[in-house]
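**Student:** Given chain A, put chain B with the ligand in place with the hints provided.
Protein chains in written order, with my numbering: chain A, 1 to 453; chain B, 1 to 65.
Hints were generated in silico from the structure; no laboratory data involved.
Just so it is clear, the structure is predicted and the values come from calculations on it, not from any experiment.
Fair warning: there could be bad hints in the mix.
Listed next, the in silico DMTMM-like pairs over lysine to aspartate or glutamate satisfying Cα-Cα at most 20 Å (straight line) [to be verified]:
id : chain 1 : residue 1 : chain 2 : residue 2
1  : A       : LYS218    : A       : GLU179
2  : A       : LYS328    : B       : ASP21
3  : B       : LYS52     : A       : GLU449
4  : A       : LYS43     : A       : GLU114
5  : A       : LYS109    : A       : GLU52
6  : A       : LYS175    : A       : ASP262
7  : A       : LYS325    : B       : ASP21
8  : B       : LYS52     : A       : GLU442
9  : A       : LYS218    : A       : ASP176
10 : B       : LYS52     : A       : GLU447
11 : A       : LYS35     : A       : ASP89
12 : A       : LYS410    : A       : ASP384
13 : A       : LYS171    : A       : GLU159
14 : A       : LYS272    : A       : ASP221
15 : A       : LYS31     : A       : ASP304
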Amino acid sequence: MASAGSHKNIELLTYSEVMEVSGYVGNFKVKIKKKPRYVDESKCTGCGTCQEKCPIKVDNEFDLGLGKRKAIYTPFPQAVPNVPVIDRDHCTYFLRGKCRACERFCETKAIDFEQKEQTLEVEVGCIILTTGFDSFDPTPMTQFGYGRYDNVITSLQFERMTNASGPTGGKIVLKDGTEPRSIAILHCIGSRDVNYHEYCSRVCCMHSLKFAHIIREKIPDAVIYDLYIDLRCFGKGYEEFYNRLQEEGVNFIRGRAGEVTDVAETPEERGKLIVVCEDTLISRQRRLPVDMVILSVALEPRADVAETAKLFSISRSRDGFFLEKHPKLDPVATTTEGVLIAGCCQGPKDIPDTVAQASAAAARAMAIITKGSVEIEPTTAFIDEKLCSGCRTCISLCPYNAISFNEDKKVSVINEAMCKGCGTCAAACPSGAITARHFTTEQIMSELEGVLI
Amino acid sequence: MSFEPRIVGFMCNWCAYAAADLAGTARKKYPPNVRIVRVMCSGRVEPALILKAFELGADGVLVCG
Ligand SMILES: Cc1cc2nc3c(=O)[nH]c(=O)nc-3n(C[C@H](O)[C@H](O)[C@H](O)COP(=O)(O)OP(=O)(O)OC[C@H]3O[C@@H](n4cnc5c(N)ncnc54)[C@H](O)[C@@H]3O)c2cc1C
Numbered sequence: 001m002a003s004a005g006s007h008k009n010i011e012l013l014t015y016s017e018v019m020e021v022s023g024y025v026g027n028f029k030v031k032i033k034k035k036p037r038y039v040d041e042s043k044c045t046g047c048g049t050c051q052e053k054c055p056i057k058v059d060n061e062f063d064l065g066l067g068k069r070k071a072i073y074t075p076f077p078q079a080v081p082n083v084p085v086i087d088r089d090h091c092t093y094f095l096r097g098k099c100r101a102c103e104r105f106c107e108t109k110a111i112d113f114e115q116k117e118q119t120l121e122v123e124v125g126c127i128i129l130t131t132g133f134d135s136f137d138p139t140p141m142t143q144f145g146y147g148r149y150d151n152v153i154t155s156l157q158f159e160r161m162t163n164a165s166g167p168t169g170g171k172i173v174l175k176d177g178t179e180p181r182s183i184a185i186l187h188c189i190g191s192r193d194v195n196y197h198e199y200c201s202r203v204c205c206m207h208s209l210k211f212a213h214i215i216r217e218k219i220p221d222a223v224i225y226d227l228y229i230d231l232r233c234f235g236k237g238y239e240e241f242y243n244r245l246q247e248e249g250v251n252f253i254r255g256r257a258g259e260v261t262d263v264a265e266t267p268e269e270r271g272k273l274i275v276v277c278e279d280t281l282i283s284r285q286r287r288l289p290v291d292m293v294i295l296s297v298a299l300e301p302r303a304d305v306a307e308t309a310k311l312f313s314i315s316r317s318r319d320g321f322f323l324e325k326h327p328k329l330d331p332v333a334t335t336t337e338g339v340l341i342a343g344c345c346q347g348p349k350d351i352p353d354t355v356a357q358a359s360a361a362a363a364r365a366m367a368i369i370t371k372g373s374v375e376i377e378p379t380t381a382f383i384d385e386k387l388c389s390g391c392r393t394c395i396s397l398c399p400y401n402a403i404s405f406n407e408d409k410k411v412s413v414i415n416e417a418m419c420k421g422c423g424t425c426a427a428a429c430p431s432g433a434i435t436a437r438h439f440t441t442e443q444i445m446s447e448l449e450g451v452l453i
Numbered sequence: 001m002s003f004e005p006r007i008v009g010f011m012c013n014w015c016a017y018a019a020a021d022l023a024g025t026a027r028k029k030y031p032p033n034v035r036i037v038r039v040m041c042s043g044r045v046e047p048a049l050i051l052k053a054f055e056l057g058a059d060g061v062l063v064c065g
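Same shape as in the complex, but just chain A (with noise of 0.2 Å):
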């Protein structure tokens, strides 16, 4: 990200969203709001004394619950590019006119609170979307207990944890401060069920297995379990990976987890969270007290996907993630020339089949771009203007909006480059004055007799 932000041909505008999309392949116009962040980038140096002298504390979003930020803040040290944001919701001064501390310390006068919304327009020739995926929140799973113990997180919660420059410093404790004992890993959670994701979200038993890596590291006499339905191990060294957690000696269970309670049934439970499951290599109920539950939520699609599927004029597979052209010969592009798609928002998918697919996007697209010129499907419709009547009807079924109006010529007229040729407009024009290539009314015909006598 840093790497990209620098780049001399690359312009990142993060805090940013687009709003619109117009045009095609080769030719599209974008409409970008740029919000304000308050800080002036060009003149910020990233020193961070705002965020030091900022009186209010909240929770950070970045860390799910787990760390504190203040009302001008960077969500993580690492964030690209090193400007602060101030939050309007929770800043003194936006509520209640008082205050400017930040702007008071700051040595580069970076600090504007005028900063109003932006729109900028701009024309590219390809678009590729990794808006990437959301994490599935297990609440709905009562059986759990997420939001009920508090010893219960999710993976991405863990995740925050065990970051060096996390809200804990890299260090794994439970709710009260202490290290716990002992913990439990249930993979599969909101996937490969049918009452949620039917799908397998793919990442999770290789996290599993790295968590259970990092906890041996961190707390070496940890006990460890992971529950699970199968181990899917399916990358390079991954196999080899899982052969390594069993000598560090972590206890794999096959078996969902039924539950986890902290109703104790002996005094060894007692205190503890208790995770009931079957372990199905030895056809037995077992109970597993612990300090710690990780759950290793599904990925899923984001809760905005939609809106960005009609924004951008892309389909969605039944998952509800973005649906790439073709499984296996284009999985990167989709239906719309033009715009691509790589990561998890085409499906769940790891960081090495991430960048690879992102590579792919990027080079997809420079071959579209650098060429000047873009080829078209032969299967486009045409209009034959002597027929045609001007009525318009093809211009309001069009599912495209390829069809535009010569007002001179009082035709239609249609825009090869945008038509997907699916002959909506040849099937409704009264003249019969359009014909959709290679699907034209007579070899639709013939085709029929082929077909029937």
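**Tutor:** Frame of chain A, contents of chain B with the ligand only:
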């Protein structure tokens, strides 16, 4: 001999036809009674095509999209 209907299925390239294609690669079976005609969109299917199918002896027409 029992009656075997001949059905013409107009299938959209992006969904129904793709599904039929997928059924094929997944080695799933469907009766041979349906004769598939691929179109780029079910919107391409104009009434004349449906009437033509009946004229040529089809017992049913399926428009999938
Ligand atoms: C707990 C956990 C642990 C993991 N551990 C590993 C691991 O050890 N190794 C590994 O290889 N993989 C791991 N993964 C998987 C890894 O996180 C993903 O492969 C990777 O994050 C995918 O990258 P991405 O860029 O596709 O999506 P994301 O990382 O989700 O990034 C998407 C970005 O797009 C932004 N965005 C979304 N919508 C918009 C919009 N409309 N406009 C502007 N910006 C937008 C988001 O804010 C986000 O910054 C783990 C995943 C989880 C959940």
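**Student:** Evaluate each hint against the coordinates.
**Tutor:** Tested hints:
no., hint, verdict
1, A:LYS218 <-> A:GLU179, "10 Å, holds"
2, A:LYS328 <-> B:ASP21, "14 Å, holds"
3, B:LYS52 <-> A:GLU449, "9 Å, holds"
4, A:LYS43 <-> A:GLU114, "15 Å, holds"
5, A:LYS109 <-> A:GLU52, "16 Å, holds"
6, A:LYS175 <-> A:ASP262, "15 Å, holds"
7, A:LYS325 <-> B:ASP21, "14 Å, holds"
8, B:LYS52 <-> A:GLU442, "11 Å, holds"
9, A:LYS218 <-> A:ASP176, "18 Å, holds"
10, B:LYS52 <-> A:GLU447, "11 Å, holds"
11, A:LYS35 <-> A:ASP89, "14 Å, holds"
12, A:LYS410 <-> A:ASP384, "12 Å, holds"
13, A:LYS171 <-> A:GLU159, "11 Å, holds"
14, A:LYS272 <-> A:ASP221, "18 Å, holds"
15, A:LYS31 <-> A:ASP304, "18 Å, holds"
The structure is consistent with each of the numbered hints, conforming to all of them.
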